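Peer 1: Chain by chain, the residues:
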Amino acid sequence: MKLSTSAMVLVLSASAVWAEDTVTIEFAYPYSHLFDVTYEAMMPAFKEAHPNIEVKFRATYESYEDATNTVLREAVAGNLPDVTMQGLNRQAPLIDKGIAQSLDPFIAAEADFEKDGYHEAMLSLSTFDDTVYGLPFSISLPVGYYNMDILRAGGIKELPKTWDEVISACKTMKANGIDNPIFWGWNVTGNWFVQALLWSQDSAIVDGGRVTLDSAETLVALEQMQEIFTECEMQNLEWKSALSSFSAGDIGMMFWSTSALGSVERSQGDFELVTGPFPGLDGKPKGLPAGGNAAMLTSTSDDPKVREAAWTWLKYITSGDGAAEVAKTTGYMPPNKAANEIILADFYEQNPNKQTAVDQLPLLRDWLAYPGDNGLAITQVIYDSIERIVTGDATDMKELQQEMVEEVADLLPNG
Amino acid sequence: MAVLDMGVAAHPKPINHEARTAWGLAAPALALMFLILLVPVIIAGVLSFTNYSLGNSGFDWVGTQNYERLFTRSTYEKMFIATFIYVVTVVPISVGLGLGAALLVHSLGRISDIYKTIYFLPVMATLLAMAIAWEFMLHPTIGMVNRTLAMACGSWFDVIPFFANGCNDGFPLWLGDRDYAIWVVCFIGVWQGFGFNMVLFLSGLTSVHRELYHAAEMDGARSGWDRFWLVTWPALGPTTVFVVTISCIRAFQVFDTIEAFWPQGGGPNKSVYVMMFAIFEKGVQQNLIGMGSAITVLFLIFVMFLTLIQRWLVERKVHYG
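Chains as they are written, first to last, in the numbering used here: chain A, 1 to 415; chain B, 1001 to 1321.
Hints should not be assumed to be uniformly reliable.
To be verified - If we take Cβ atoms under 8 Å as the criterion, some of the chain A residues that face chain B in the derived model are:
hint	residue
1	Leu-72
2	Val-76
3	Glu-238
4	Leu-376
5	Gln-380
6	Asp-393
The hints are simulated quantities; they were obtained by calculation from the structure and are not laboratory data.
Keep in mind it's a predicted model, so treat the numbers as computed, not measured.
Beta carbons: idealized from backbone N, C-alpha and C, even for Gly.
Generate the whole structure from the sequences, applying the supplied hints.
Peer 2: Okay, here's the thing in C-alpha cells:
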C-alpha cells in the first residue's frame, strides 16, 4: 500500500515537472496538399532539438483567403493560434487590425540572426512601416510545366518564351491532334496571374494606395488573357481538376505556380516533365509576383515561455534544416540564404525542374494586397471578371475593364 | 382607484394566481426562445443596415445601401436567377418522383423494403461527401461519366448530336461549363431529395382508408388512374402540401454541393450562385457581415412567405381523411 502510494506520488510529481517543462503552442497552415509532407518531414528533427515544445497543429486552411478569414474570426472569438502561416498578400490586413505582432523585439535579442541566413531581401517581404511582422517561409514564382511527351507528339521542339509563341504552339498541337494543349492558371489564389501579367509589364496593381485597374497595362493584360483562352480554346477547369489532369498526362502545357511541383511529381503519370521560365508579353517578363507565405506571431499569451517557444518554432521552420525541407518536399523556395547556399548547395543541380523558379528570382516583386477591409471581396470581383473571359461570356475587354473598375470602386475605402 | 380594486376583487383570485404560475412556468422556455431564435434574427436585421466587417471595432450605418445593391448589381441578379432555377426545377421533379416511387413501392409486397432502403440511401449519406464523389465522377477527362460516354463513340449513338459533338470535341466539362453547371447541381438535388419525399408519401399512403377504394370501385372507378385521381390524390392532400413546402425550403437552402464543387465563385459565371452560398461568401468568406445579413433577411422573408402559403392551404382544409 505504502509502496503504491509513494509510486503514485512519484508519478504525479514527475508529470507535474513534465507539465511545467512542456510548452504547448498552437499552429495553423494553409494548403494541406502542398505542405503536409513538409511539416511531417520537419517534425522529428524539431522534436529532437526542442523536446519541451509541443506543437499542436490546428485544422489546415483551405487557401490564403480562408487563412486570413479564419484568423480574423479567431481574433474576434479570442481563440488565436500562437503562430499562423499567411499568404504574402494577406499580411497587411492582419497588421492593420493589430492581430499580427512585431517580431523586432525577438530579432533584437538574436545574436547570429544574419548568420542564420536571414537577410534584407527576405525580410522585406514581411516588413511594413520598417517593422518586421513575419518571417517568410516559402516563396514561389509562376513557371511553365511542360509534358514533353505531348509536346513532341504535337510537333513542338522548343519551349515557348512569349505568349505569342505559346498560342502558336497551341495551334500546332491542335493541328496535330492534341485535344487539351494548355491550362493557364488564372484561378490561382489572390489574382496572382493577373498580377503576374501586370508585373511582366512592370506595372503594379496597387500603386500608392490606389488600385490601378483602369490602366492601359490592365487592358493589355486582359486582352492577352483573352487571346490565350480563345485561341488555345482552353477548357474552364477548376484548378484542382487541372492539376490532376496534368499529372495524369492529359494536358500539354500548364502555367502555374512552381509551388505545386512537389505534389505534381508525387502523382505524376508516365511522361517526361520539364519546367520552363514564365513567358513574357514581348520578350522576358520585367517582373513577377512573389507567391508563398510567411510565419506570423499571433499569440495572445502573456506567458513569456509560450512566446519564446512560438519564436523558436518560427525560427526553426524558416532557417536551417527546417527551411531546407521546404525545397525538398514542395516546389517552393526557402527564402533563407543559409539554407539555400549551404544545405541545398547541390540540390538544385540534381533537381533542374526546381531550378527554374530560382533562376527567375531577380524578377521577384511584391504580391500586392488590396487596400481596406474588402480585400477579399475585391479579389473575388477580379476573379469573377477573368472567369467571364474564360467561359466566353465577356468578349469586349474594354467594357469588362470598365465594369471591373466600377465594381472595385464600390469596395474601396473611399469609394 | 376604488372601482379598479373592486374589479380585481370581483375576479375569483385562484384564476389570477394560476395564470401567474403558468406564465412563471413558461417563462424560461419563452426567454430561451426569444434569446436563441428571435434575437439572432433581430441582430441580423439590424446589421443588414450597417457596413460591419468582422474584426472591426465599430461600424457605420449605411441605410438601405445593402438592399439597394442587392437589387441593382448583376451579381445578385445572377443569384436570384440561380436560386429560382434550382427551386423551380428541383421541387416539382423531386416531389413527382417521390410520389411515383411511393406509389410503386406501396403496391409491392415484401420486397418493398429493399426499394425503400435503396431510394433512401442518398438521403442518409451526407450531401457534402456525396458531392466529392460526384466531383470525381464528373471530372472532364479522367472522370467516370465522360469515360463512360466516350465508350459509346463509334457506335450507333453517334446519330445523336450530343454524342457526335462529344466524340469530336470532347464531352462537356459539366462543372466548368456555364450551360451545364446548374443542371448538374439540380440533378444531384433531385437524386438526393426524392427518397425523402418518397418516405413522406409512403406514410401518407398508409393512412388512406381501404374502404375508400372499395367505395370508389362501386361508384364505377375501374382503372387504377381513376382510383388514384378519385381517392389517393385527394387523400394525400395534406401530405402533398407538407412535402412541397419542405422541398421548397430545402431547395432554398441548397449549399453543400455548391461549396464542394466551387469553393470560390459559385460556379462558372456565377451560374450556380444560390442564396445560401451568397450568404456564406459575403458573410463568412469575405467578412462583409452587413451584406451577408441583408441576404439572410431576404432569405428569411422568402421562407416565411412559403410557410404562410402552406398555412393558408392547410387552413383551407386540404384534407379528406
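Peer 1: Going through the numbered hints above, which ones does this structure break? Give me the numbers in ascending order.
Peer 2: Failing hints: none at all.
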